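This is what each chain is made of:
There are 2 protein chains.
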Amino acid sequence: MAKEKNLTPRSEDFSSWYNELVLRSELADYSPVRGSMVIRPWGYTIWENMQRALDDMFKATGHENAYFPLLIPISFIEKEKEHVEGFKPELAIVTNAGGKELEDPLAIRPTSETIIMAMYAKWIQSYRDLPLLLNQWSNVVRWELRTRPFLRTSEFLWQEGHTAHASSGEAEEHTKLMLNVYRTFMEDWMAMPPVTGLKSDSEKFAGAVRSYSCEAMMQDNRALQSGTSHFLGQNFSKQFQLTFQTEKGNEEYAWNTSWGVSTRLVGGLVMTHGDDQGLVLPPKLSPVQVVIVPILKGEDHGPVLEKADAIKDALTAKGIRVKIDARDFMSPGNKYYEWERKGVPFRMEIGPKDMATGQVVLAKRMLFGEDSRKEFVPETEALATMENRLDEFQAQLLEAAKRRREDNSYRGIENLDELAEIIDTSGGYVFTGWSGDPAVEDIIKEKTKATLRCIPEEEFQSEKTPTRCIGGEKDSTMEVVWARAY
Amino acid sequence: MAKEKNLTPRSEDFSSWYNELVLRSELADYSPVRGSMVIRPWGYTIWENMQRALDDMFKATGHENAYFPLLIPISFIEKEKEHVEGFKPELAIVTNAGGKELEDPLAIRPTSETIIMAMYAKWIQSYRDLPLLLNQWSNVVRWELRTRPFLRTSEFLWQEGHTAHASSGEAEEHTKLMLNVYRTFMEDWMAMPPVTGLKSDSEKFAGAVRSYSCEAMMQDNRALQSGTSHFLGQNFSKQFQLTFQTEKGNEEYAWNTSWGVSTRLVGGLVMTHGDDQGLVLPPKLSPVQVVIVPILKGEDHGPVLEKADAIKDALTAKGIRVKIDARDFMSPGNKYYEWERKGVPFRMEIGPKDMATGQVVLAKRMLFGEDSRKEFVPETEALATMENRLDEFQAQLLEAAKRRREDNSYRGIENLDELAEIIDTSGGYVFTGWSGDPAVEDIIKEKTKATLRCIPEEEFQSEKTPTRCIGGEKDSTMEVVWARAY
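Going down the list, the sequences are from chains A and B.
Position in the first sequence counted from 1, then plus 52, gives you the numbering used here.
Position in the second sequence counted from 1, then plus 52, gives you the numbering used here.
For the record, the hints were derived by calculation from the structure and aren't laboratory data.
Note that the structure is a prediction, hence the values are computed from the model and not measured.
Take the hints with a grain of salt, since some may be wrong.
Copies of the same chain look alike in the list, so a pair counts if it fits in one copy or across any two.
With a straight-line Cα cutoff of 25 Å, these simulated PhoX-like cross-link-like pairs (lysine-lysine) come out [what the hints assert, rightly or not]: (1) 111 x 359; (2) 111 x 336; (3) 111 x 364; (4) 426 x 499; (5) 454 x 416; (6) 152 x 133; (7) 152 x 140; (8) 111 x 375; (9) 387 x 174.
Chain A with its partners taken away, still in its complex shape (with noise of 0.2 Å):
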């Protein structure tokens, strides 16, 4: 495996590169079954990571997880117009079970909207059971015909959480704390700053009265949505017949909002961070934070081996998470070569020679265009700044994601063809004014390829507020961001 040939350089394909990377440093395999994949243990240990830290910030904002069915009778999907319309393509359906043709045909979910709210209106009679906070990790199907692993696969893992609230203001205060909570994580332990901001009616979640999502930039400088949080009104409730009690006694229908990411997340931090040698984890959630590497010479490996383990003992009370390899049948050389691949931040290599002067090598993967990062450092030291080394790591990571993410960002463009003229060269977020008409989202989207990404948020708009449509034809009403998207 170590003697593989080198990835297809982003600049060159960036796409090969993608589907290389996630391979070789075994994140996931494609599996016998047509768009589905494999997870390996790397790429799941980083999915179980997200998965700890976000279900963490969900119980601090007051949800608890539950667990609704698999299968949904196609009946339920079909209440909502708008949602049989945006998922029925999509559907994987069961007709046959226990050797007998169903009656009633069942959709694999494709989101659990319908089945949870069914739940909802019988959980739910008063003000008094209201909000209604659950979140529910699971697997889903939408049947796509393209897939790529992680970024659109048939069958994905994510989380999606549901709520019931007595009235649309805290609705929709809910929907907006989901979606900062979403940020929130990819800001501090993705290092993937995307711009947040609310959908066009055209791109909204089927079902949905407004959606929001983060919208984070790859290094192609394409649009990754990555995560969504939507208002739902009272669109299903109405459909399911949710209702309750008000304080004052009248019986109204309850509002809702749901809002999920996805392993979709794995593949964003690849595409953030990876470069031209392999995977660059950041240290929050990378499986293996240093990798300890004993330099194996002569005979007697013991205390080598000894003073690995010390070391592990010492950086793991620390929280960190540490590895040795100590593969006999594999040369340094290819471990470190494996290693940077597979991203680890850290590695370490001790052998007799540091051993009788108390050094170790200590190795930081690299970051873009730096030089190699290898060093002689007192092993007192590396023990006592290690913490340190990693804070820095994770810091550097996000700061150069945001940099990249201005650097890549056009403001002030007021004319399509120069919008069409970035979109096709250098690519990235083109902010321009819009009149709110769906017209210009075709033209462009014909023209260009690129798609309304959202409306951004306070903090991500202009300086100077943008008054004509970049349809050219009418005032501006907003500020919004065009990028191709994933």
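Use these hints to put chain B onto chain A, whose structure you have.
Frame of chain A; chain B shown alone:
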């Protein structure tokens, strides 16, 4: 909700008691989808706590997690002759997806040996790639005609471990290691001590060479098979061409194991510890270990709520899971009733009077046959002793369950009529000799509905080894355990 009638007593109708308890303690609810249930937050949090403990044990024994596809080509399942016979009648089959009929229908996984072995064949080349020790947390579907929440549902959540080894001996050792992990988990965390042992050929997993199981005794003296570990030999590796190069350079088929526990364990917890008042939860798994009920009298609730917060913080700092129930629309009595039904180990009441005397009221969830245990305790003592009290409670539950299991085990039974009478009257575990003849299993099943639960491991065997087969005509070659089972 608080005004519901009492549960049907266990002595009157154990099955109704179970169903009512599951619903009213809000562990789960029936769903509109036939054979599926909804796991509500109280039940799901218990499952999360189980997952966390088991996952730590799996990782401590060298396993990593991964994720394999939900949908499996039916041709895969058909490859292993016994496997397909066992599972085909229970398959749910997707025939349509993305608006088209599938050329090759896909089964929703009933278990994942086949798809995982297909991937292992791709990943494993050499003895250096072995052992491969993976686990998956997932949902599976087995179409069932008669379903009961947690115990038997068409969809359930579980973990399935799948390993590949270079030798038969190592694989069989691993099978037993994981059986022992399950047993340790059931004893130390669930306080549900199983009898462990080998399955007879007629009861083993479809496709296994040998199956081992944990058989826990419920309060109605039936057995619940609550965890299984299978030695698969080379049955699957031969069908999926899972070969490896040995150290000597030969090509050999790998040796496999698989093992699993499911949300069925939550049902086992209910039937092991619950009483006519509701659930009783072992502290290690209870979502809430101490519930604080502030007694809110008069106008100013501030001081009492502040005291409750301070006590919560002090207990939380000790790693204890605490909830304050400050609902202002419910009487303390109704709260006591609800938390008792939900099985919380300790309740603490704090009112203005208690604050004045520096006391709290501490009420332990009643155990079998105990009187109410409500005591006035100085606040400082309550804080200082809570960890011990929880440990004691956990130990008491295990002790009671062990005693119950032994009290309802019958040894030295040599006569079929005697066995039948025990099964018909009290139920329980009947230990007898057996010749190994499956005809005896058929006779006993027909006569008593009892089945051969396992050939118990040495420590569970009777002091006096039986000499006659319970079938009557042959000599005994091994001791076995009979019981009616879920």
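Verification of the supplied hints:
{"no.": "1", "hint": "111 x 359", "verdict": "between (40 Å within a copy, 23 Å between copies)"}
{"no.": "2", "hint": "111 x 336", "verdict": "both (19 Å within a copy, 20 Å between copies)"}
{"no.": "3", "hint": "111 x 364", "verdict": "between (32 Å within a copy, 17 Å between copies)"}
{"no.": "4", "hint": "426 x 499", "verdict": "neither (48 Å within a copy, 76 Å between copies)"}
{"no.": "5", "hint": "454 x 416", "verdict": "within (21 Å within a copy, 54 Å between copies)"}
{"no.": "6", "hint": "152 x 133", "verdict": "between (30 Å within a copy, 22 Å between copies)"}
{"no.": "7", "hint": "152 x 140", "verdict": "both (24 Å within a copy, 12 Å between copies)"}
{"no.": "8", "hint": "111 x 375", "verdict": "between (30 Å within a copy, 13 Å between copies)"}
{"no.": "9", "hint": "387 x 174", "verdict": "between (57 Å within a copy, 22 Å between copies)"}
Checked against the numbered hints above, the structure violates only hint 4.
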